[in-house]
Amino acid sequence: MDLAGAYEGILFDVAGGFTLLLLMTAGVVCIVWDIFSNDDPVLPVLAAMTCVVAAGWEVRGLDAGSSTAFYDLIRAYGLTSYINITLLISALVSIVLSVPYLNRIRRGYGEVYALILFATAGAVMLASANSLVTVFVGLETMSIALYILVGLVRQGGGGIESALKYFLLGAFSTGFFLYGIALLYGATGTMILPDLAAGFEARGSMMLLFWAGVALFLVGFLFKVSAVPFHMWTPDVYQGAPTPLTGYMSTASKAAAFAALILVLYYGLGDLAATKWQTALAVVALVTMVGGNIFALVQNNVKRMLAYSSVAHAGYVLVALVAGTGEGYAGAAYYLLIYSFMNLGAFGVMALLEWDQKEGSEQTIDSLSGVGLRKPILGVVMTVFMFSLIGFPPFGGFFGKIAVFAPAIEAGFTWLVIVGVLASALSGYYYLRVLYVFWMRPQSWSAPQVQAHKFPVPSLSAAVLVACAVVLTVIGFVPVVRDLPMVYFDVAFTGGTP
Amino acid sequence: MPADFVPLLLMLVLATGLALTLLLAARWLGPRRANPVKVSTYESGMDPIGTARQRYSVKFYLVAMIFIIFDVEVVFLYPWAVSFQEFLAAGSGVGVLVVVTIFILVLAVGLLYDIKKGGLEFD
Numbered sequence: 001m002d003l004a005g006a007y008e009g010i011l012f013d014v015a016g017g018f019t020l021l022l023l024m025t026a027g028v029v030c031i032v033w034d035i036f037s038n039d040d041p042v043l044p045v046l047a048a049m050t051c052v053v054a055a056g057w058e059v060r061g062l063d064a065g066s067s068t069a070f071y072d073l074i075r076a077y078g079l080t081s082y083i084n085i086t087l088l089i090s091a092l093v094s095i096v097l098s099v100p101y102l103n104r105i106r107r108g109y110g111e112v113y114a115l116i117l118f119a120t121a122g123a124v125m126l127a128s129a130n131s132l133v134t135v136f137v138g139l140e141t142m143s144i145a146l147y148i149l150v151g152l153v154r155q156g157g158g159g160i161e162s163a164l165k166y167f168l169l170g171a172f173s174t175g176f177f178l179y180g181i182a183l184l185y186g187a188t189g190t191m192i193l194p195d196l197a198a199g200f201e202a203r204g205s206m207m208l209l210f211w212a213g214v215a216l217f218l219v220g221f222l223f224k225v226s227a228v229p230f231h232m233w234t235p236d237v238y239q240g241a242p243t244p245l246t247g248y249m250s251t252a253s254k255a256a257a258f259a260a261l262i263l264v265l266y267y268g269l270g271d272l273a274a275t276k277w278q279t280a281l282a283v284v285a286l287v288t289m290v291g292g293n294i295f296a297l298v299q300n301n302v303k304r305m306l307a308y309s310s311v312a313h314a315g316y317v318l319v320a321l322v323a324g325t326g327e328g329y330a331g332a333a334y335y336l337l338i339y340s341f342m343n344l345g346a347f348g349v350m351a352l353l354e355w356d357q358k359e360g361s362e363q364t365i366d367s368l369s370g371v372g373l374r375k376p377i378l379g380v381v382m383t384v385f386m387f388s389l390i391g392f393p394p395f396g397g398f399f400g401k402i403a404v405f406a407p408a409i410e411a412g413f414t415w416l417v418i419v420g421v422l423a424s425a426l427s428g429y430y431y432l433r434v435l436y437v438f439w440m441r442p443q444s445w446s447a448p449q450v451q452a453h454k455f456p457v458p459s460l461s462a463a464v465l466v467a468c469a470v471v472l473t474v475i476g477f478v479p480v481v482r483d484l485p486m487v488y489f490d491v492a493f494t495g496g497t498p
Numbered sequence: 499m500p501a502d503f504v505p506l507l508l509m510l511v512l513a514t515g516l517a518l519t520l521l522l523a524a525r526w527l528g529p530r531r532a533n534p535v536k537v538s539t540y541e542s543g544m545d546p547i548g549t550a551r552q553r554y555s556v557k558f559y560l561v562a563m564i565f566i567i568f569d570v571e572v573v574f575l576y577p578w579a580v581s582f583q584e585f586l587a588a589g590s591g592v593g594v595l596v597v598v599t600i601f602i603l604v605l606a607v608g609l610l611y612d613i614k615k616g617g618l619e620f621d
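Chains as they are written, first to last, in my numbering: chain A, 1 to 498; chain L, 499 to 621.
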C-alpha cells in the first residue's frame, strides 16, 4: 500500500460511502442523545430525517456509473444506490410505524431508533460489499442490531425466546459463513469479489476447496434470506419480535442479504460458477417456494402466516438468481423493492391491529373478524397489500413476479417457473383468507375483549400505509423503476449456459 | 518416512496399555467399603453448605462485555502504534491520527452509554 497517498482519495471515498457514514454517525448521535434525554420524541424524527437525506443522496447516484471506494472494499452508486434506496425506505417506514407501536405497548425505548440506524448501516455495507471482509462485517453489524431489536420488548409474547433463538441460530450460521470465507480465501488468495475468479485460476484451480467454500458461504446467505432448509427460525422470530420491527427484518435484512448474494454471484463467481451453483440454487428455490406456501396454508396466527409467506417470496427471488443472467439479477433487485413495500405494509397493518392483552398480544386470524368495516382505511390498504403479495395484475407484486420469472424462462428453467406460478396460485388461499375475515365475517366471531377494543389508528401511520399502497398500485406503470437496474448489469452476460 | 514414527506408535500403545491396566487393576483388586465420610463431596475438607446452584448477579456479563470492548481496542491500537512512525515519515500522519481518534471516540460512546445506564454500579 502506498503510505504517502493513503488519504489522497478520501473525499471521493467519503462521497461513495456517504450513506454508510451518515447512518453510523446518526446512530451514534441518537444513542448519546438517548442517554441524556431518555426516549426523547426528537429521536425518531432525527432517525427518519437521516434516512430521507441518505435516500436523497442515493437518488443522485442512481444514474452514475458503478465505482468502488475505500480501497475496493465497498461499491458505490449504480446498483448499490438502487438497493440502498430500498433499504432506506424500509428503515424510514419502520421508524415511523414504530413510534405509535412502542408508545401503545408503553415500552418506549430510544435505543430502537439508534439500533434501526445501525442495522441499516450494516445492511447498506452488506449491499455495497466488494470484498468478502465487508460482506462479513456488514452481515454481523446488521445481525447483532437485529438480535437486540427482536428481544428489546421483554413483555410476554415470547420476545426473549425469539431473540435467543435468532441469536443462537444466527451465530451458528455465521460460523458456516466465516468458514466458507476462509476456504474461499485459501482457494483464491484474494478477498476482493471481482478478483475471485482470476485468483482461482492463478492458484491452480483447487476445485474441492473452492466449491466447499462457496457451499458454506451460500449456507450463510440462505439462512439470512430464510430459504427452505434453513428457514426454521423465521416463524418463531417473526412472531415474537415487535411487529413494525418484524416488517423491518423481513424486508431490509432480506433485501441486503439478497443484494450481497447478487454481488457475489455476478462479480465474484460469474461465468466460473454458472453451471455448478445453478442446479443447487434451483433445487433450493423450488423447495423454498413450495415449502413456504404449504406451511403458510395452515397458520392461524397472521404474523406466522406472513413469516412463511416471506419464506415463499425468498424462493421467488431465488428463481431470478437461478437464471444467472443480467435480466435475472435486475429482476431480483426490482422485486426486492416491490416486496419491501408489500411486506412493510402488511406488517404495519398488523402492528395497528394487534390487540393488547394482559399477556402480550393477539394476532390470530379470528381476532381480525370484521376489521375491514370497522377500520376502512386499514381494510382497503390491507386489500392492496394482500392482492399485491398474491401477484394480482394491477398491483406491484404482479410486475415483480414477471421480472423474476421471465429471465428464468429465457434461461431454460421453465419447469421451475411453472412450479413458482402454481405455488403463488396456492398462496392466494391464505392471503385471500385474511381479506375474507376482514370484510365478510361478522365482528361477533372475535373475542368480546377484541370487539371492545378501539384499535386507534394514528394519522401518521395511516399516511405511511396509504403511501405504501399507492406506490404498489402505480409502480407497475412506471417502467423506469423496472428498467433502471437493467443498466447496471451487462445484459449480454449470460452466466454460461446450463 | 513412516518408519520414523514407529517408536511413537510403540510409546502410544505402551502408554494406553499402562493406563488401562492400572485403572482396571484398581477396579478389580481394590476393596470398596463406602462410608458417609468417604462419599462426601470433599472427603478431607469442610462439609458443603447448601446447593451449588446459586443465583449470582447477571452484572458479571456486563463487566465481561466492557472488558471485551477495551480488549479489542488494545488489539487494534497496538499495531497502529507500531506502524505510526512509518505513516508519519510518509506524510500521512494526520490522516491515521484522525482515523484512530474516531475509533476511540466511538468506543468512548460505548463506555458513556454503559456508565449512564448504570452498568458499572453493583447494588
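The reader is advised that the hints may include incorrect statements.
With a straight-line cut-off of 30 Å between C-alpha atoms, the simulated BS3-like cross-links for lysine-lysine are [claimed, not checked]:
#	chain 1	residue 1	chain 2	residue 2
1	L	615	L	557
2	L	536	A	165
3	L	557	A	165
Quick caveat, the hints were computed from the structure, so don't treat them as lab data.
Evaluation of the provided hints:
1. Straight-line distance between C-alpha atoms of residue 615 (chain L) and residue 557 (chain L) comes to about 12 Å, which keeps the hinted pair within the 30 Å bound.
2. Restraint check for residue 536 (chain L) and residue 165 (chain A): not satisfied, since their Cα atoms lie roughly 44 Å apart, outside the 30 Å limit.
3. With a C-alpha separation of about 22 Å, the suggested pair residue 557 (chain L) and residue 165 (chain A) falls inside the 30 Å cut-off, and the hint holds.
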